[in-house]
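Protein chains: 8
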Amino acid sequence: MSANPLVGVVMGSDSDWPVMEAASKALDEFGVVHEVDVVSAHRMAREMLDYGTSAADRGLRVIIAGAGGAAHLPGMLASVTPLPVIGVPVPLQYLDGMDSLLSIVQMPAGVPVATVSVAGARNAGLLAVRILGSGAGEEAESLRRKMSAFQDDLGAQARTKGE
Amino acid sequence: MSANPLVGVVMGSDSDWPVMEAASKALDEFGVVHEVDVVSAHRMAREMLDYGTSAADRGLRVIIAGAGGAAHLPGMLASVTPLPVIGVPVPLQYLDGMDSLLSIVQMPAGVPVATVSVAGARNAGLLAVRILGSGAGEEAESLRRKMSAFQDDLGAQARTKGE
Amino acid sequence: MSANPLVGVVMGSDSDWPVMEAASKALDEFGVVHEVDVVSAHRMAREMLDYGTSAADRGLRVIIAGAGGAAHLPGMLASVTPLPVIGVPVPLQYLDGMDSLLSIVQMPAGVPVATVSVAGARNAGLLAVRILGSGAGEEAESLRRKMSAFQDDLGAQARTKGE
Amino acid sequence: MSANPLVGVVMGSDSDWPVMEAASKALDEFGVVHEVDVVSAHRMAREMLDYGTSAADRGLRVIIAGAGGAAHLPGMLASVTPLPVIGVPVPLQYLDGMDSLLSIVQMPAGVPVATVSVAGARNAGLLAVRILGSGAGEEAESLRRKMSAFQDDLGAQARTKGE
Amino acid sequence: MSANPLVGVVMGSDSDWPVMEAASKALDEFGVVHEVDVVSAHRMAREMLDYGTSAADRGLRVIIAGAGGAAHLPGMLASVTPLPVIGVPVPLQYLDGMDSLLSIVQMPAGVPVATVSVAGARNAGLLAVRILGSGAGEEAESLRRKMSAFQDDLGAQARTKGE
Amino acid sequence: MSANPLVGVVMGSDSDWPVMEAASKALDEFGVVHEVDVVSAHRMAREMLDYGTSAADRGLRVIIAGAGGAAHLPGMLASVTPLPVIGVPVPLQYLDGMDSLLSIVQMPAGVPVATVSVAGARNAGLLAVRILGSGAGEEAESLRRKMSAFQDDLGAQARTKGE
Amino acid sequence: MSANPLVGVVMGSDSDWPVMEAASKALDEFGVVHEVDVVSAHRMAREMLDYGTSAADRGLRVIIAGAGGAAHLPGMLASVTPLPVIGVPVPLQYLDGMDSLLSIVQMPAGVPVATVSVAGARNAGLLAVRILGSGAGEEAESLRRKMSAFQDDLGAQARTKGE
Amino acid sequence: MSANPLVGVVMGSDSDWPVMEAASKALDEFGVVHEVDVVSAHRMAREMLDYGTSAADRGLRVIIAGAGGAAHLPGMLASVTPLPVIGVPVPLQYLDGMDSLLSIVQMPAGVPVATVSVAGARNAGLLAVRILGSGAGEEAESLRRKMSAFQDDLGAQARTKGE
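Residue numbers (numbering that gives the first Met the number 0), protein chains in the order written: chain B, 0 to 162; chain L, 0 to 162; chain V, 0 to 162; chain A, 0 to 162; chain U, 0 to 162; chain R, 0 to 162; chain W, 0 to 162; chain S, 0 to 162.
Hints in this document: simulated from the structure, not taken from any laboratory.
Careful: at least some of the hints might be erroneous.
Said to hold, decoys possible - Some but not every residue of chain A turned toward chain R, in silico, with C-beta under 10 Å:
#	residue
1	Val32
2	Thr52
3	Ala55
4	Arg57
5	Gly58
6	Pro90
7	Asp95
8	Ser147
9	Ala148
10	Leu153
11	Ala157
12	Thr159
13	Lys160
Where is the CB? At the ideal position from N, CA and C, for every residue including glycine.
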């Protein structure tokens, strides 16, 4: 796997890191090189757009974006990149992340965001691996095999717990 | 009142116009010059930011922005303008505008959006009038008086209906 | 800036202060003179109306009102003043402020309340600054510049955290 | 029963009448003299308070108030009268009356509103009858007997339909 | 005031007492003699109906019933008594009392329950006082005066806190 | 199968029949003899309890109960019978059956109601068949086989539609 | 009662055990032999289907399945067994189990799941007892009698607490 | 582009087609060969698992799955394939798709589903194109370019409407 980051993990605020860290860990487990940044849609809008616009050219192939409340980061990035963008609804102190979820998932026709569960950053990382593994070429195939092995493992663990 | 627009009424899609028209009408009733535009956060993100960034310099003093679903337009504009931004949650076919409302109102600390009710575009227009009327100077005072008269009128109508 | 308060910060109960304090702090940061009062819609209804009715004549230009549950204070004040009223939904022990939010934001046509997020008192203060800064005159221009600088600062902080 | 109205049926707008009419009809069925008025909390706030303040002295013994959205009428009336106030959540076009319900029922400690179901104006009328029938004296006793008979009737109808 | 209880305060389980106690205290403040019982709709259905059926004849004039979750107690009592029944939605560990609220307030036409806020037992007690005070006779008048005094007091306290 | 009804299908009002009919039809498809009645928890509470109390002795083995809004029928029946009670949340004009669902499913520990989906009367019928088919004896076994065949059929239909 | 398990208690993860244990305890109280397993719909899908498919032949007569979030276990089991399946919505850290409840109860026509309350595992166990007790034969009759005695006991306890 | 389907579009029932058709159309616009099937999680569970298990080997690289209510199809497929699975919440007659959304998006850690908006099948198709376009190789690059052009087009259309 190349040393250039393939996945960009971004979040609206460093206070989102305790949730978003799980995305980074999942990518690490699969050896996926990635970058982590605070890119705020509301406090640095133009840099945020620049991040999204340049992502594909910089070699990124998937973006994972987490945000809470009126969570605009995933959707705004999706609007300026042709790459798949995965959105993680980060729950705030009130409303249990329902606001974050709806702000991310209810995108208008034309600009999809691949949304995962409230605080589901680990699944965002795993979804990125699946996406990278769905492509052509050896690296993709290798990731796809790793994902299958990972799934076998999940089953094995579940079986053990059930015994 | 100046011939330059003081209020910008924008919406994410022309399909929002049947809802947003009421904002324009309310402004007309108070003789507030305004402009109306489709400015999509998700389909023309940079122009949208340009619209917000330049709004104050172009002489706008309030922005009214309507959007539905994962409604990012009001919040994104608010992030690049020092002007007050009024958000109108436009209801989509499902969820009765609850997604639009939460996507607009639940803005993070630092970037407020003055949110009105679901489909409450008329109130967005009236709120803009109140804001324009709250300032210093003769024009503001005149608008403030008109708003008081308008409120007296509302009462008179309510009283008549009650008879 | 004048020594007379330009903004009235009111709340239905002193138990709302831990939430509402952030509005006062935000106004302080911008040097906006303001007053703070407990004005209960349900326990001192006439004084509450008097507060609203006299607000403009006393020199106030914006009212910030916080309340929880069946939160009637912002809307009732808005009904008797031509000034812009900003409503802060204060969350109670149950329902995460959804009741407060809907009681404030869903105002009938004719009487707008500029609603911010659940417990979003800091944003209420910042919105008041934006409103004061949107007017004509030097003081407004100065506030508008401060707000732009504040926004630049937000971006700078976000960038630093991302490094 | 006295010719003076014992119950005041009020609503925020004449558009609430199609819902609120059922309260009036229920009172008619029990021969309870009542008055019907449009008393808007938001468009004629002071008269609204006057209505509430004078209600007991004018001989009213129960107030039924219907309102929709940010429904402040029942709670505001309850704050200025010692009489029991019954609130009817009138549903608006969006949100199915959930906003109306929460705005009415979630009153702070000290000022109760007896809330019925969304659009439940008939039950508001019947509740007023129960309240009037709970008192001392012959008229109360007569109403209490009528209510028992009415309940027997409901049962009889249900039984018939089940056959 | 008579030594016979005028109000019955009942709840589905003794675990509801920490919430319901406030109803009893409010009644005590007004010197209203009342009884307190556990009367479970689901565990002693017939006695529960007996309680409701005999309430008026035993001299009760108002019933206050608290229950949580699928809260059937207030509605079932209301179905067998001509007295006004006040329902208190007791919140359970999950769902913040929204289930309790809807189970109590959404009664079918014919059988009203006077519903107060989630965990609003104090208001249930105060509503009972208002109902008792709405009737004819000296005792009612005395309670009505006490309620007015109580409301004046609420205002005085609010004013003091605001100073 | 015996000519005595094994399942009682009851509803709070004949207006529930358009929804509840599907339960009866499903039972017919499996040849399960059943009775259909209007048994209102709120309008004929004692007969309702009698219905539940006597159900097992009359030979019923499952009760299906549908109700809407503050839906108390299934839970009240469950409280007086040892038989399994299946609850069908009937949606009213507002709130999409969420009130009916919560009023039925959120039963306190000790008294379960087997709840199906909003308006899911067909599934209530099928669940009754599964319950009858889970017992000992030939009749049960025959129903269990029919249910398996029915499930095979569902699959076959789905496959055909997919072709 | 036979030594072969009659009820299968399964859950998607061993982290569901603190909730699901109450189902097992309720079955123990009635002497119902049962088995407990972790059977994950998402991590061991085929074994999960095998569990469901073979359940009836292995002598199980009821399945109790608990799961949280996008809770697919109860519905998937119901799709491959003719036995009654009881679903327990296990609440996750966010959303208070509303996601679990809707994922379990809103099954499509054809495949019912008997759903109990959020975290209502004790009721799931009691519902299984009712189902086993609804059948023909001595064992069923014995369980039915025990359930009646249990219900009498519930009433006795409630009465004691009320004293 | 190869003549073998790269995307599988599946739905739980042919009644989902009016919603899901938009996914197929979006794929057609980008010339992405795909297959369309009814694959019911609840009516043909094993074939459904076979579909998922064999998908990668058959050459599929993305699966789009639509389902309504207790929507288990997307999550179950995701549990047996290493490919990315996109879930489309199909709204039923009640609850506006909130049940479908939560049943799809709230997947447990380990098994992600890329969820789009309620009825957002067009976005599901576009997300599949983005995923296919994110990989290595010429075909991916070509799709990525097409997606960029498509996005430019969206902007151009929005600009035209705004004129």
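We went through each hint and held it up to the structure:
The criterion of a C-beta within 10 Å of any C-beta in chain R is not met by Val32/A, whose closest approach is roughly 27 Å, and the hint is violated. At about 33 Å, the closest approach between the beta carbon of Thr52/A and any beta carbon in chain R exceeds 10 Å, and the interface hint on this residue is violated. With a cut of 10 Å, the hint placing Ala55/A at the interface with chain R is violated, because the nearest CB-to-CB distance is about 31 Å. Nearest Cβ of chain R to the Cβ of Arg57/A: about 34 Å, over the 10 Å cut. The hint is violated.
At a threshold of 10 Å, the smallest CB-CB gap from Gly58/A to chain R is about 33 Å, leaving the interface hint violated. Annotation: interface hint on Pro90/A holds; nearest CB of chain R at approximately 5 Å, less than 10 Å. For Asp95/A, the suggested interface contact is upheld, since its CB lies about 4 Å from the closest CB of chain R, less than 10 Å. Annotation: interface hint on Ser147/A violated; nearest CB of chain R at approximately 13 Å, more than 10 Å.
Evaluation of the Ala148/A hint against chain R yields a violated restraint, the C-beta minimum of about 13 Å exceeding 10 Å. Annotation: interface hint on Leu153/A holds; nearest CB of chain R at approximately 4 Å, less than 10 Å. Interface restraint check for Ala157/A: the shortest CB-CB distance to chain R comes to about 4 Å, inside 10 Å, so the restraint holds. With its C-beta approaching chain R no nearer than about 9 Å, Thr159/A sits inside the 10 Å limit, and its interface hint holds.
Annotation: Lys160/A was flagged as interfacial toward chain R, and the flag holds, the nearest CB pair being 4 Å apart, inside 10 Å.
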